[in-house]
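The lines below spell out each chain.
There are 2 protein chains.
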Amino acid sequence: MFHILIIDDDPYIGDLLEETLKSADYSVSRAFTGTEALEILSKEKPDLILLDLMLPELSGEELLPKIKDIPVIVISAKIDVSNKVDLLLGGAADYVTKPFDMRELLARIAVQLRKNDKNELTFRDLTLYADALTVKVNNTETRLTGTEWAILKLLMQDPLKPVGKSAMLEKISADTPDCTERSLKQHISNIRKKLQSVNGEDYIEAVYGIGFKMKS
Amino acid sequence: MFHILIIDDDPYIGDLLEETLKSADYSVSRAFTGTEALEILSKEKPDLILLDLMLPELSGEELLPKIKDIPVIVISAKIDVSNKVDLLLGGAADYVTKPFDMRELLARIAVQLRKNDKNELTFRDLTLYADALTVKVNNTETRLTGTEWAILKLLMQDPLKPVGKSAMLEKISADTPDCTERSLKQHISNIRKKLQSVNGEDYIEAVYGIGFKMKS
DNA sequence: GAAAATCTTGACGAAATATTGACCCTTTTT
DNA sequence: AAAAAGGGTCAATATTTCGTCAAGATTTTC
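In order, the protein sequences belong to chains R and H. By my numbering, the letter at position 175 of the first sequence is numbered 175, and the numbering carries on one by one without gaps. Position in the second sequence (from 1) plus 216 gives the number in my numbering.
Read the hints as simulated data drawn from the structure, not as lab findings. The structure presented is a predicted model; accordingly, all values stated were derived computationally and were not measured. Keep in mind that a hint or two might mislead.
[What the hints assert, rightly or not] Calculated lysine-lysine pairs in the DSSO-like style (CA-CA distance at most 30 Å, straight line):
1) R:K98 x H:K314
2) R:K153 x R:K98
3) R:K213 x H:K284
[What the hints assert, rightly or not] Where chain H lies over chain R, by a calculated footprint (3+ residues, C-beta under 8 Å):
4) 33-43
5) 73-84
6) 98-110
7) 155-164
8) 205-213
Just so it is clear, CB atoms sit at the ideal spot from N, CA and C, and this is done for glycine as well.
Use the sequences and the hints to build the structure in full.
Okay, here's the thing in structure tokens:
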């Protein structure tokens, strides 16, 4: 089940949203101020955020840049186009103006969550499965460990772009708190070995001084 | 550069879109009917599709499910919410109603292309990429080392103005603490060599007694 | 609690990158 | 015109990073 954080100081709209989302089978958290939202985000990581711009203390515009890796749908009464453009370019995934139709909002939420939903990731003849901790190389399935899988996923999410070593460590630190650059190197080596054992190819490329990327 | 396919039978709106997109530095293909669109898609794979619903032969609603793995922004005069919802759930990435503001459309396109971070720097036929540590010369990609990239970036940030050697050293000292004017000279030479190996041109010019600038 | 799987760390050769010396050419100064 | 200073490049050396083996530490599984 997907988890959604509603950030809105207006209790009436907030309640309406919460009720609608719950009946659409989402779980919901609530924040009424920007600082409260940050507090919640430090503890839990929702799949999506609904953000009203008019907030006491910390405004929505200030809050948005602080949110990383979670799609944000901005809800606002402001119909000003330049404001809308700024927010979209500033990281918002979508922008809905009040008053909005609840069915449309639900559809736009579904669009954002659809991206997270695909539990397969492919690159050349590699397929990474989300639920099984495995990769298929050339139709041969190979088992990976948890961290190996997490690392390969990071690389395959954006195969063209090198991923920095420190960025990797940060993102996999949840499962392996004391993974260092030293051990990361070893994990990469182990992934290579497992993939190579199938058809002898090396799929990973080092970018000197930066990190790693998929070999294109 | 990103490539966008416009599917619209109205030549006036299509021309307007094409012109706007081109001036925003996208490359553009055009289709005027649904079948024509499918024909184009069998040959090329754009990064994004703008789809008008009112099409002769094959309607936009029928065309949408046939498009796979490419984000589609639907443009339509239909403001009917249930129609909007159906399309969004049916695979559309976004939905914009006519009449629309061109700046907003551009922002929504940028969101789909995740072009939020401007990590490109161009000068003549050079393009410097921030995340990959590469330059494209005449569409041929060449890899640079970290310091080479940092130096070229400084020069390309404003190509007309010469950059002093001491200023360069200061700004790249984070990565290479013991780079001197002596080694800087060598790095410049190495950059030249890499760029020249593509089409024989020298892009860097020395300013006697000061430093370096891009050759204009 | 023993065995197995996984994670981390030390060591060392290989590869990529950075720095330096030598030498010649060009520009500026005297 | 000669001297001095800056610029350009080759080649050698130094330094940093990468890749892997093997061993020890930790966690998971039975």
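Quick rundown of the hints versus the structure:
1. With a CA separation close to 18 Å, the supplied pair K98 of chain R and K314 of chain H stays within the 30 Å bound.
2. For the given pair, K153 of chain R sits about 38 Å from K98 of chain R by alpha-carbon distance, which is inconsistent with the 30 Å threshold.
3. A hinted pair counts as satisfied when its Cα atoms are at most 30 Å apart, and K213 of chain R with K284 of chain H qualifies at roughly 25 Å.
4. Requiring three or more residues with a Cβ within less than 8 Å of a Cβ of chain H, the coverage given for the segment 33-43 of chain R is violated, as only 0 such residues are present.
5. Only residues whose beta carbon comes within less than 8 Å of a beta carbon in chain H count, and the segment 73-84 of chain R has 3; three or more means the coverage holds.
6. Coverage of the segment 98-110 of chain R by chain H holds in this model, with 7 residues showing a Cβ closer than 8 Å to a Cβ of that chain against a need of three.
7. Proximity of the segment 155-164 of chain R to chain H, defined as three or more residues with a beta carbon under 8 Å from a beta carbon of that chain, is established by the 3 residues found.
8. Given as covered by chain H, the segment 205-213 of chain R passes the check, having 5 residues with a CB less than 8 Å from a CB of that chain where 3 are the minimum.
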